[in-house]
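Student: Based on these hints, arrange chains W, F, X, R and S with the ligands on the given structure of chain V.
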Amino acid sequence: MKKITAIIRPEKLEAVKENLAEKGFNAMTIFNVKGRGEQKGICLQFRGKRNVIDMIPKIQIDIVVKNDEVETVIQTIQRSARTGKIGDGKIFVSPVEIVVGIRTEEYIEE
Amino acid sequence: MKKITAIIRPEKLEAVKENLAEKGFNAMTIFNVKGRGEQKGICLQFRGKRNVIDMIPKIQIDIVVKNDEVETVIQTIQRSARTGKIGDGKIFVSPVEIVVGIRTEEYIEE
Amino acid sequence: MKKITAIIRPEKLEAVKENLAEKGFNAMTIFNVKGRGEQKGICLQFRGKRNVIDMIPKIQIDIVVKNDEVETVIQTIQRSARTGKIGDGKIFVSPVEIVVGIRTEEYIEE
Amino acid sequence: MVLEAGDTAFVLICTAMVMLMTPAVGLFYGGMVRNKNIISMIALSFISLAIVTIQWVTIGYTLSFGHDIGGLIGGLDYIGLKGVGMDGDGIPDMLFMAFQLVFAAIALAILTSGVAERIKLSSFIVFGLLWTTLVYDPLAHWAWGGGWAESMGALDFAGGTVVHISSGFGALALSLVIGKRIGFGKYSMEPENITTTLLGGALLWFGWFAFNAGSALAANGLAANAFVVTLISAASGALTWMGASWIKGKPSSLGMISGAIAGLVGITPACGFVGPLAAIVIGGSAGLLCYGTLLFRIHKKLDESLDAWAIHGVGGLFGALATGVFAVAAIGGVDGLIYGNVGQFIIQGIDAFVAVGYSFVMTYILAKIIDKTIGLRVTEEEEYVGLDVAQHGESMEL
Amino acid sequence: MVLEAGDTAFVLICTAMVMLMTPAVGLFYGGMVRNKNIISMIALSFISLAIVTIQWVTIGYTLSFGHDIGGLIGGLDYIGLKGVGMDGDGIPDMLFMAFQLVFAAIALAILTSGVAERIKLSSFIVFGLLWTTLVYDPLAHWAWGGGWAESMGALDFAGGTVVHISSGFGALALSLVIGKRIGFGKYSMEPENITTTLLGGALLWFGWFAFNAGSALAANGLAANAFVVTLISAASGALTWMGASWIKGKPSSLGMISGAIAGLVGITPACGFVGPLAAIVIGGSAGLLCYGTLLFRIHKKLDESLDAWAIHGVGGLFGALATGVFAVAAIGGVDGLIYGNVGQFIIQGIDAFVAVGYSFVMTYILAKIIDKTIGLRVTEEEEYVGLDVAQHGESMEL
Amino acid sequence: MVLEAGDTAFVLICTAMVMLMTPAVGLFYGGMVRNKNIISMIALSFISLAIVTIQWVTIGYTLSFGHDIGGLIGGLDYIGLKGVGMDGDGIPDMLFMAFQLVFAAIALAILTSGVAERIKLSSFIVFGLLWTTLVYDPLAHWAWGGGWAESMGALDFAGGTVVHISSGFGALALSLVIGKRIGFGKYSMEPENITTTLLGGALLWFGWFAFNAGSALAANGLAANAFVVTLISAASGALTWMGASWIKGKPSSLGMISGAIAGLVGITPACGFVGPLAAIVIGGSAGLLCYGTLLFRIHKKLDESLDAWAIHGVGGLFGALATGVFAVAAIGGVDGLIYGNVGQFIIQGIDAFVAVGYSFVMTYILAKIIDKTIGLRVTEEEEYVGLDVAQHGESMEL
Ligand SMILES: Nc1ncnc2c1ncn2[C@@H]1O[C@H](COP(=O)(O)OP(=O)(O)O)[C@@H](O)[C@H]1O
Ligand SMILES: Nc1ncnc2c1ncn2[C@@H]1O[C@H](COP(=O)(O)OP(=O)(O)O)[C@@H](O)[C@H]1O
Ligand SMILES: Nc1ncnc2c1ncn2[C@@H]1O[C@H](COP(=O)(O)OP(=O)(O)O)[C@@H](O)[C@H]1O
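Chains as they are written, first to last, in our numbering: chain V, 1 to 110; chain W, 1 to 110; chain F, 1 to 110; chain X, 1 to 398; chain R, 1 to 398; chain S, 1 to 398.
Hints may contain errors.
[Claimed, not checked] Derived pair list, reagent style DSBU-like, types lysine-lysine, alpha-carbon separation capped at 35 Å: (1) S:K301 <-> F:K85; (2) F:K66 <-> W:K66; (3) X:K248 <-> F:K85; (4) W:K40 <-> R:K180; (5) S:K300 <-> S:K372; (6) R:K186 <-> R:K250; (7) W:K34 <-> W:K23; (8) V:K85 <-> F:K23; (9) V:K66 <-> V:K34; (10) S:K248 <-> S:K186; (11) V:K34 <-> V:K17; (12) F:K17 <-> F:K34; (13) F:K66 <-> V:K85; (14) F:K17 <-> S:K300; (15) X:K300 <-> W:K85; (16) W:K85 <-> F:K40; (17) W:K40 <-> R:K248; (18) F:K23 <-> V:K34; (19) X:K300 <-> X:K180; (20) W:K34 <-> F:K34; (21) X:K300 <-> X:K250; (22) W:K17 <-> V:K66; (23) R:K372 <-> S:K248; (24) V:K85 <-> V:K23; (25) R:K368 <-> R:K301; (26) R:K301 <-> R:K248; (27) X:K372 <-> R:K248; (28) V:K85 <-> V:K17; (29) F:K40 <-> W:K17; (30) W:K85 <-> X:K368; (31) W:K85 <-> W:K34; (32) X:K300 <-> X:K372; (33) V:K23 <-> V:K34; (34) R:K301 <-> V:K23; (35) F:K34 <-> X:K248; (36) R:K368 <-> S:K250; (37) S:K186 <-> S:K368; (38) S:K368 <-> S:K301.
None of these hints come from the bench; they were simulated from the model.
Here chain V stands alone, though its shape is the one from the complex (with noise of 0.2 Å):
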């Protein structure tokens, strides 16, 4: 099994849950996050300074899948949360060892 992390717009939230959902990858785990890429942030200018605003809010999705998924998976976001412009975020896949089920007890291990 592989976590699929990725590091999104917010506003291009609605469009990856869609997409993620029409390849049936309902489940996922999302929260807000802060972040700045190489480029440190968005630069503003403002009476000639460079002004950086650095930490830039984002939006974690973390989705945990088959191994034979990861591929679909980073598609599917990468293809919906593209907008050509800096900031788009990031997908980093690490491995998971074991899931559980709380409820059905389920135990998948690798």
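Tutor: The following block gives chains W, F, X, R and S with the ligands in isolation, referenced to the frame of chain V:
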């Protein structure tokens, strides 16, 4: 070392904390998340129409423990977070390679 | 690639950010968490009774870096987040297998 | 029948201030519920104001203040405000009507706290209209509209019986019918937004001066007395509740503001009859008594959710009796128990306990009827996701 | 020329209450924008109050209330408040000036909602000063300062035309010039802080009693009438909007409070001329009409962002016409259409539509000029990070 | 000795409005502290109100307004409100007492800002009772109760000296005794809840009309003048502070509202003596001066945490002097410096500087005594977790 990530009902947090502490697990990090499982959230009836409330508030608990403690923690959480109804949550286990204590300068590598 | 997760005192965020930026690490994701370590939080005296405030607010910083940058980042965080008192926090390192840039479509797999 | 501009100015502003108390009740209670129900809690107060306004101008005012029928209810003389004009004695009749209207609205708003986080909106609207008509209006008539209580000489300067006993004991009855919140007693339901509660409390305290002093219906010495004892009683209640809770643990701000409200409730029936030193005693005792009642309520595992019963019900009952104890003829023309007038104390007792019985029983019956027919309560799923989303389709972005 | 203490007391307090409405507008709208713009939204209201205060005491008051020049504008007699003294007829002249001032301030504050989340602060200040001088002041003069509308006999008791049509249609013009928010219609821009909006709404409702009843400029039966119909119309509007939206889906608290505001706007020009039952109709119709307008606005994909146009513009227009329909001589001395006075209805129509045209066109021109010269709008990046950070260097810690 | 209903109505409502300012101070400051101390900050204001109420009716009123003893303090004639009745000259004596009470309460509430985020609740209560008795009451007596300053002819219309100098310089002394917040100057302590501050500021601005105009104790032309100059000065202060901070960087909403408060403080002593144009100057200068003082305070690394000293202390001092400069006989019967009356300016200077010295030194001594005995400050751990949890056992759910 492993990180155990549990996504539980907010109202079960106290019970989970207490039961973990009894077993000697005090350390943890928590934060508010929202999420849905495969059921796509909760379905309310509204004038005959289905009205799905997705993204229900949950609490995520992250606990980093030694490998041989993983099972105890999973079972403790599972027992104390369970109601038997949809929305009880999930537990994920993922690898942690290094743990550093900022104050103690303790450095555990696996 | 590795994800470095640091849980630090909120009041140390500025220092950590600055020192990381100096070393060339701008990119990061942060969010508010609450947590306690093995000490079970902070103990206040109240009319002779112990009164434990657990779940102290902290900030979690996630930084994904190349393998050979891990040590520098750990040391930088450790140096800038330390006060020497209980509650300074922890750093965890975990594996990241794929990194995708949503805008750049850059795709790094390990 | 001439208007006095000063008195009219005073009552106009007082009416606006009492109106503000209704949303303030919403904020006060909204801060005490879980965040998923805060919008619902505030909205219920606004909705109380809206429906009572229409009820009052069509039927409520005349039922309360129409010519007395058998000491029990007012006749239909003023139906649809017929004959309620811009003239009046001191203040315009219309203004008197409006001043009374905002009292009726706040009573219903207080009642909503007993069913916090689980009431079905549509049922609340039906219930609210019935409750105002069948519980509030008769009580207003008895005390102020020429009913039996007034004839008997019962004193209720600003609505200890009419507003607070009715809503407090009503809330208790309602909470018993609707049942406990899911998880009550099992997991924590701590107030989640205390600053909102403190803001609501501040606006309530502010409006209460209009509630009590405005009840003099004139800008005179009696209004000033009511104003002063209101301030003192609130302060005294805040301090005793805070002090008592300090002995048990930490002095919460919620205890402090609850004590202030308890003091305000306690002085409400008395404020035109007692002096400043009595106000210290009344406020302080109300603070202690209501705090004790709250502890009792928790001990008994009653989910009268936000303590309208402990504070408004018991505080109002205490205030009605205290009026009979501390009243002094030099202020309001009537002496109380400590000045040897046992009769007044007995009258106060009869009045108050009849009000307790009537509002509890009638509210219970009304609630049962609603519950058996259209259902008072939301479904379990709706309660779980919270009324903001379930009833209003809205949520706070946190 | 003698002062009446009761009237003076009333108008003093009313002026303070109307002043409070300006920050209340900020809170009301602040709760509806995304959290990154909430400080900006509230600050714009305060800034409106500050700049209009200085404008009014220097030039605005005399343009509005100086001796009439050709029915169009006031002369410079009172420039810098020259000759505006502590005496007066019933109330001090200075107080009348201040009461009018706070009306001008709130009109500008309402207007800010049309450019929410994208206006450049410096440009807003320039625009605001021009708008108050060239749009608001003439309208105030026409209706209340001896201008053509007043001479013609147009009725506007508390500012339906002057305040609400001007700001509502002004907001529409302004929003057309500044353009839509980035992403409008593409992604969700749901209100993020509804409790703040409800708080703002509560304070608006409270202040509106002063706005309307205070416009009697005396604490008398007419003020009481204005007070009562204001309360009724608000309640009625809240219920019809809530009801209509309930048919389509869930009854949001935002719909409820918007309906109340619609009812308040609708009754504003009428409150000194119509009675309680007409108020139920006016408020109820305003609620439905403004809700319909809002749906139309959304359907047309107009980003008149927080519905000042739908509620204040269309509500004010409706109110002006309704005054001509429901006015009854027994209250304000003039009969309306349903009592056979067709003329009054026509006068109301002329007055209202001229106000609509004037405020829309003039605002549009002013906005265009500002936009072409110093630019109305922040940059795309600034809009993206939000005005709190971009314009004020501040942010909420959430 | 007859009551005037209009005046009584006015002062009744004004007293309620000034009472509301005390929780408003709590909201204003609560928004500026870190979220872990917001409840504590608001609660301190309520607690100030509660303890001062009891202090005032028992002993404070008579110390301030009892028969003069040597120009220094009032006698015990009115102890426990003995002899303070429902009659009076224009307004009831009781009402005058209550109006003065709410002034004393707000002074103590302002003072709490100097020890924000680190004061021990129990010690604050002891300190507050002593401070009101030994600092506030004498100052009130000197200025308004027949003390030396009043005899000398010092002008303080609404409490520039009594309320603002005392609390502002008191806060400075207190902050020096209690010491800096842990981490002050090392890491960011930015305001975390600016909308709460803006709400508090709105309510303060609203209440300030009652504070200043109400000090006329009658609804007359003088009250109207006080009202108007209050509004102007606030606007002017908001604009100059905002403008000055704009030159240095971005115009924060906090600067705007701080400037408004500075303008309100500056006009407080002057509002019954100066006209509208002077108000523009006084407000504008107060905005600039207080902003400069704030920058100085930060530069000096003083942790007078929320700038009560810069705004209330220095603003009050400036206002007292400005009264001596701009007073005009046509308004308040006395001319100031610019009308050739040098003497008045000197009197103002003496009065203000004695008040500065007395309140600073006395507060310092009192604070030292408390600190050495029961300790003013919470422990390091308590400060770290925040006073909400540490002192009240409560927290916001964020
Ligand atoms: N190396 C990284 N480690 C952790 N988080 C990152 C990293 N790179 C990017 N992010 C997260 O992704 C978000 C968007 O990244 P990107 O599009 O590169 O940023 P920017 O907003 O600077 O254009 C950032 O705000 C941050 O939260
Ligand atoms: N595959 C997944 N990936 C990420 N988070 C998940 C996944 N499955 C479940 N969750 C999280 O666990 C929570 C509870 O899951 P579950 O009990 O299956 O959901 P539901 O509330 O729909 O019954 C969800 O709200 C979500 O936050
Ligand atoms: N084993 C762990 N698992 C998860 N989070 C941890 C763990 N240990 C510490 N933390 C996090 O790090 C923070 C600081 O840890 P530490 O300095 O040990 O705690 P304390 O505040 O008790 O002194 C905690 O508040 C918690 O959020």
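Student: Hint by hint, say whether it matches the structure.
Tutor: Verification of the supplied hints:
Restraint check: the Cα-Cα separation between S:K301 and F:K85 comes to about 25 Å, which is no more than 35 Å; the hinted pair holds. A C-alpha spacing of about 25 Å is found between F:K66 and W:K66, which places the hinted pair at or below 35 Å, so the restraint holds. Taking the CA atoms of X:K248 and F:K85, the gap is about 32 Å. The hint holds against a cut of 35 Å. Of the supplied pair hints, the one linking W:K40 and R:K180 holds, its CA atoms being roughly 33 Å apart against a limit of 35 Å.
A C-alpha spacing of about 26 Å is found between S:K300 and S:K372, which places the hinted pair at or below 35 Å, so the restraint holds. For the hint linking R:K186 to R:K250, the alpha-carbon distance of about 23 Å falls within 35 Å, and the restraint holds. Note on W:K34 and W:K23: the hinted pairing holds, with a Cα-Cα distance of about 28 Å set against a maximum of 35 Å. Restraint check for V:K85 and F:K23: the C-alpha separation of about 26 Å stays at or below 35 Å, so the hint holds.
The straight-line distance between the Cα atoms of V:K66 and V:K34 is roughly 28 Å, inside the 35 Å bound, and the hint therefore holds. Note on S:K248 and S:K186: the hinted pairing holds, with a Cα-Cα distance of about 22 Å set against a maximum of 35 Å. At roughly 20 Å between alpha-carbon atoms, V:K34 and V:K17 fall within 35 Å of each other, so this suggested pair holds. Taking the CA atoms of F:K17 and F:K34, the gap is near 20 Å; set against the 35 Å cutoff, the hint holds.
Only pairs whose Cα atoms come within 35 Å are accepted, and F:K66 paired with V:K85 is accepted, the gap being roughly 24 Å. At most 35 Å may separate the alpha-carbon atoms for a hinted pair to count; F:K17 and S:K300 meet this at roughly 27 Å. The hinted pair formed by X:K300 and W:K85 meets the criterion: a straight-line CA distance of about 29 Å does not exceed 35 Å. Proposed proximity of W:K85 and F:K40 is supported: the alpha carbons are some 31 Å apart, at most 35 Å.
Only pairs whose Cα atoms come within 35 Å are accepted, and W:K40 paired with R:K248 is accepted, the gap being roughly 24 Å. Restraint check for F:K23 and V:K34: satisfied, since their Cα atoms lie roughly 21 Å apart, inside the 35 Å limit. Proximity of X:K300 to X:K180 is assessed by CA-CA distance (about 12 Å); at most 35 Å being required, the pair is judged to hold. With a C-alpha separation of about 16 Å, the suggested pair W:K34 and F:K34 falls inside the 35 Å cut-off, and the hint holds.
For the suggested pair X:K300 and X:K250, the alpha carbons sit about 22 Å apart, so the restraint of at most 35 Å is met. As the CA atoms of W:K17 and V:K66 are separated by approximately 30 Å, the hinted pair is consistent with the 35 Å bound. Of the pairs offered as hints, the one joining R:K372 and S:K248 holds, with about 27 Å between alpha carbons and a cut-off of 35 Å not exceeded. Between V:K85 and V:K23, the direct Cα distance comes to roughly 26 Å. Compliance with the 35 Å bound is thereby established for this hinted pair.
Taken as a hint, the R:K368 and R:K301 pair is honoured in the structure, with Cα atoms around 21 Å apart against an allowance of 35 Å. Under the criterion of a C-alpha separation no larger than 35 Å, the hint pairing R:K301 with R:K248 is consistent with the structure, at around 19 Å. This hinted pair checks out: X:K372 and R:K248 have alpha carbons roughly 27 Å apart, not beyond 35 Å. For the hint pairing V:K85 with V:K17, the CA-to-CA distance comes to about 20 Å; that is within 35 Å, so the pair holds.
Distance hint between F:K40 and W:K17 is fulfilled; the C-alpha atoms sit about 11 Å from each other, no more than 35 Å. For the hint linking W:K85 to X:K368, the alpha-carbon distance of about 30 Å falls within 35 Å, and the restraint holds. Distance hint between W:K85 and W:K34 is fulfilled; the C-alpha atoms sit about 17 Å from each other, no more than 35 Å. Taken as a hint, the X:K300 and X:K372 pair is honoured in the structure, with Cα atoms around 26 Å apart against an allowance of 35 Å.
Between V:K23 and V:K34 the alpha-carbon distance is near 28 Å, which keeps this suggested pair within the 35 Å criterion. A threshold of 35 Å between alpha carbons decides the hint, and for R:K301 with V:K23 the separation of about 30 Å falls inside it, so the pair holds. A threshold of 35 Å between alpha carbons decides the hint, and for F:K34 with X:K248 the separation of about 28 Å falls inside it, so the pair holds. With a C-alpha separation of about 26 Å, the suggested pairing of R:K368 with S:K250 holds against the 35 Å cut-off.
For the given pair, S:K186 sits about 26 Å from S:K368 by alpha-carbon distance, which is consistent with the 35 Å threshold. At most 35 Å may separate the alpha-carbon atoms for a hinted pair to count; S:K368 and S:K301 meet this at roughly 21 Å.
In the structure shown, no violation is registered for any of the earlier numbered hints.
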